[in-house]
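Trainee: Here is what each chain is made of, one letter per residue.
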Amino acid sequence: EPEVTQTPSHQVTQMGQEVILRCVPISNHLYFYWYRQILGQKVEFLVSFYNNEISEKSEIFDDQFSVERPDGSNFTLKIRSTKLEDSAMYFCASGSSGGSFNEQFFGPGTRLTVL
Amino acid sequence: QKEVEQNSGPLSVPEGAIASLNCTYSDRGSQSFFWYRQYSGKSPELIMFIYSNGDKEDGRFTAQLNKASQYVSLLIRDSQPSDSATYLCAVRYTDTGRRALTFGSGTRLQVQP
Numbered sequence: 001e002p003e004v005t006q007t008p009s010h011q012v013t014q015m016g017q018e019v020i021l022r023c024v025p026i027s028n029h030l031y032f033y034w035y036r037q038i039l040g041q042k043v044e045f046l047v048s049f050y051n052n053e054i055s056e057k058s059e060i061f062d063d064q065f066s067v068e069r070p071d072g073s074n075f076t077l078k079i080r081s082t083k084l085e086d087s088a089m090y091f092c093a094s095g096s097s098g099g100s101f102n103e104q105f106f107g108p109g110t111r112l113t114v115l
Numbered sequence: 001q002k003e004v005e006q007n008s009g010p011l012s013v014p015e016g017a018i019a020s021l022n023c024t025y026s027d028r029g030s031q032s033f034f035w036y037r038q039y040s041g042k043s044p045e046l047i048m049f050i051y052s053n054g055d056k057e058d059g060r061f062t063a064q065l066n067k068a069s070q071y072v073s074l075l076i077r078d079s080q081p082s083d084s085a086t087y088l089c090a091v092r093y094t095d096t097g098r099r100a101l102t103f104g105s106g107t108r109l110q111v112q113p
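Line by line, the protein sequences give chains W and C.
So the first sequence is residues 1 to 115, counted in the working numbering.
So the second sequence is residues 1 to 113, counted in the working numbering.
Bound conformation, chain C alone (with noise of 0.2 Å):
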């Protein structure tokens, strides 16, 4: 069975903080992480993706692969009371042929003004 796991939260941050977001994930073989932002009641809205180990840096959002530890996270810089949402970590395995994503359960963020 094939797993991505998220701390629910919520996470709460003040305003202008760094949120950080983790995401483990099963399969060593996994290639592509997603980051959606969920907002109750709306559907996944993509922030960024990552392949590469590293970090990748977009805006106040960066996300960093750890593919040795099986670990993604995404920090969002100078948070906004618009940030919070549901972030949703979302991976794609590397079956052959395989493009579907599995998705964790997410983790709540809560940025207080």
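Just chain W, same shape as in the assembly (with noise of 0.2 Å):
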């Protein structure tokens, strides 16, 4: 069965670093979204991406962080100054273009810790 992979599993980071958190969404999806978990805290979107670009982002998605879909099947996340509250679980989802209903799928997620 498809499924969404990400890499790597964990990151570690010093603060003001920058990350670039990769996935491959499922082959077939049209619709890529990225969204954190912080440790015991509600899953939160960041932002949405179609047709190459932003469709949609929440607040949490500032300056500092950016997408790509640098070929026809990555899809990254890139925060160029990492502060120590971006210590979370980061998911990649995909959703097909067919039907209206949203189907997200998850990946297994990045584990980004910043000291």
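I should point out that these hints are in silico values taken from the structure, not numbers from a laboratory.
Just so you know, not all the hints are guaranteed correct.
Unchecked claim - Covered stretches of chain C (chain W as the covering partner; in silico rule of three or more C-beta atoms under 8 Å from a C-beta of chain W):
| id | segment |
| --- | --- |
| 1 | 22-30 |
| 2 | 39-53 |
Claimed, not checked - Think about it this way: if two alpha-carbon atoms lie no more than 25 Å apart in a straight line, the pair counts; the simulated DSS-like pairs of lysine-lysine are:
| id | chain 1 | residue 1 | chain 2 | residue 2 |
| --- | --- | --- | --- | --- |
| 3 | C | K67 | W | K42 |
| 4 | W | K78 | W | K57 |
| 5 | W | K42 | C | K42 |
For each residue, glycine too, the CB sits at the ideal point set by N, CA and C.
Combine the two chains into a complex, taking the hints into account.
Mentor: Pasting the structure below:
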């Protein structure tokens, strides 16, 4: 069964450093998302991406964040200058264009630890 | 502020019983409703979705939606210890073009063998 994959599974970085989180969505999906979950808290929406552009973003997704689909398979989330409060699980999700119900399938996540 | 509310639990049920998980949401314009299961340290796994008033069944799972009361629930029949997890309710709101899901904080279910 197709699934979303993410790398790395765990990323440790120093405050102020740039990180890139990578995702490979399900191959026939056209909508891509990033969510994050701070330990013990809710899953929070960051951004959605369709047709090579951001279609929606939350107030969390400020100028420190960017997304890119550099080729036909990868979808990346970049955090330019990490802060302690960026420590969280980051989930990539993808969904197909078929149907209007917007099922989203999540990858296994990248645990980001900012020291 | 669009909210999705869930009782954090834990909800404890004996093996073989029916577990009933509830969720309320704040926006009457909400369109689609999703139940995800999340094991500790893992990612959310989609169980099922519902968009019409009434019941939708899939195996041991039944989702129930009441838009007038802004209430969605998930019933798990014949609960198994492997069902022990946190169940997340997620709502898609209907602002133009929006596809983002708003999640509740989840209900932790414990199925006792």
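Trainee: For every hint, state whether the structure bears it out.
Mentor: Here's how the hints hold up against the structure:
no.: 1; hint: 22-30; result: violated (count 0)
no.: 2; hint: 39-53; result: holds (count 7)
no.: 3; hint: C/K67 to W/K42; result: holds (23 Å)
no.: 4; hint: W/K78 to W/K57; result: holds (14 Å)
no.: 5; hint: W/K42 to C/K42; result: holds (13 Å)
In the structure shown, a violation is registered for the earlier hint numbered 1 alone.
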